[in-house]
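Construct all of the structure, not just a fragment, from the sequences and the given hints.
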Amino acid sequence: MDKKTQALVEQYARSLVEVAFEQDAVSTIQEEVRQILTVFAETNLKTFLSQENVTSEAKKESLSLFQESCSVYMNNFLEVILLNDRANILYDVLKLVLELFDQEDNTYDVTVTSASPLSEEQKARLLAIVSQKFEIKTRRLVEKIDEDLIGGFVIKAKNKVVDTSIRSQLQTFKTNLK
Numbered sequence: 284m285d286k287k288t289q290a291l292v293e294q295y296a297r298s299l300v301e302v303a304f305e306q307d308a309v310s311t312i313q314e315e316v317r318q319i320l321t322v323f324a325e326t327n328l329k330t331f332l333s334q335e336n337v338t339s340e341a342k343k344e345s346l347s348l349f350q351e352s353c354s355v356y357m358n359n360f361l362e363v364i365l366l367n368d369r370a371n372i373l374y375d376v377l378k379l380v381l382e383l384f385d386q387e388d389n390t391y392d393v394t395v396t397s398a399s400p401l402s403e404e405q406k407a408r409l410l411a412i413v414s415q416k417f418e419i420k421t422r423r424l425v426e427k428i429d430e431d432l433i434g435g436f437v438i439k440a441k442n443k444v445v446d447t448s449i450r451s452q453l454q455t456f457k458t459n460l461k
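Numbering-wise (my numbering), the sequence shown opens with residue 284 and increments by one.
Source of the hints: derived by calculation from the structure; they are not laboratory data.
Hints may contain errors.
[Said to hold, decoys possible] FRET-style restraints, in silico, Cβ to Cβ: (1) 294 - 345: 17 to 25 Å; (2) 381 - 355: 17 to 25 Å; (3) 458 - 362: 53 to 61 Å; (4) 331 - 435: 41 to 49 Å; (5) 399 - 445: 14 to 22 Å; (6) 339 - 392: 32 to 40 Å; (7) 434 - 286: 38 to 46 Å; (8) 441 - 400: 20 to 28 Å; (9) 429 - 457: 14 to 22 Å; (10) 339 - 426: 41 to 49 Å; (11) 426 - 455: 22 to 30 Å; (12) 286 - 445: 30 to 38 Å; (13) 302 - 452: 43 to 51 Å; (14) 301 - 431: 40 to 48 Å.
[What the hints assert, rightly or not] Dumping the calculated DSS-like pairs for lysine-lysine here, alpha-carbon to alpha-carbon at most 25 Å: (15) 420 - 441; (16) 286 - 441; (17) 441 - 416; (18) 378 - 420.
The C-beta atom is built at its ideal place from N, Cα and C for all residues, glycine as well.
Take a look at the structure:
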């Protein structure tokens, strides 16, 4: 994505987030954004909206389905997107909206990659420790299994990474021996 497009995405996303906070509709708009992004994930809507040969009317018709079930704030936002012929960046805008909401309320997903599955007790302890050490609220824990880690784990949250895996320790040891 070029800088001009990125600037547009940021401008639209910040505008929607500002409206959400001003109108005390954060939870409503967050939920609507998640639902729309789910539709993007389950269909080829992103590709459809990005195609230049698709008419504005066709794009408007496809987005009108969202407008039937969304709040007045989301409806107005979608109207502005359509009026300014920016449907092609809608997906990126909505992804950024969720990121901005997370930054505003300091809530993040925590991704843990480990060599073997964690028990429920380990997950709960890990979430508590990450919340305290990273000074964040944790929304949920996303667990990934990577047997190449050998042991230990890698935690990612709020653009921070803590790597305590044996693989990482062996690589550091190997580098230090050179």
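Each hint, compared with the structure:
| no. | hint | verdict |
| --- | --- | --- |
| 1 | 294 - 345: 17 to 25 Å | holds, 23 Å |
| 2 | 381 - 355: 17 to 25 Å | holds, 20 Å |
| 3 | 458 - 362: 53 to 61 Å | holds, 55 Å |
| 4 | 331 - 435: 41 to 49 Å | holds, 43 Å |
| 5 | 399 - 445: 14 to 22 Å | holds, 18 Å |
| 6 | 339 - 392: 32 to 40 Å | holds, 35 Å |
| 7 | 434 - 286: 38 to 46 Å | holds, 43 Å |
| 8 | 441 - 400: 20 to 28 Å | holds, 24 Å |
| 9 | 429 - 457: 14 to 22 Å | holds, 19 Å |
| 10 | 339 - 426: 41 to 49 Å | holds, 43 Å |
| 11 | 426 - 455: 22 to 30 Å | holds, 25 Å |
| 12 | 286 - 445: 30 to 38 Å | holds, 32 Å |
| 13 | 302 - 452: 43 to 51 Å | holds, 48 Å |
| 14 | 301 - 431: 40 to 48 Å | holds, 44 Å |
| 15 | 420 - 441 | holds, 10 Å |
| 16 | 286 - 441 | holds, 23 Å |
| 17 | 441 - 416 | holds, 11 Å |
| 18 | 378 - 420 | holds, 19 Å |
Hint compliance for this structure: every hint is met.
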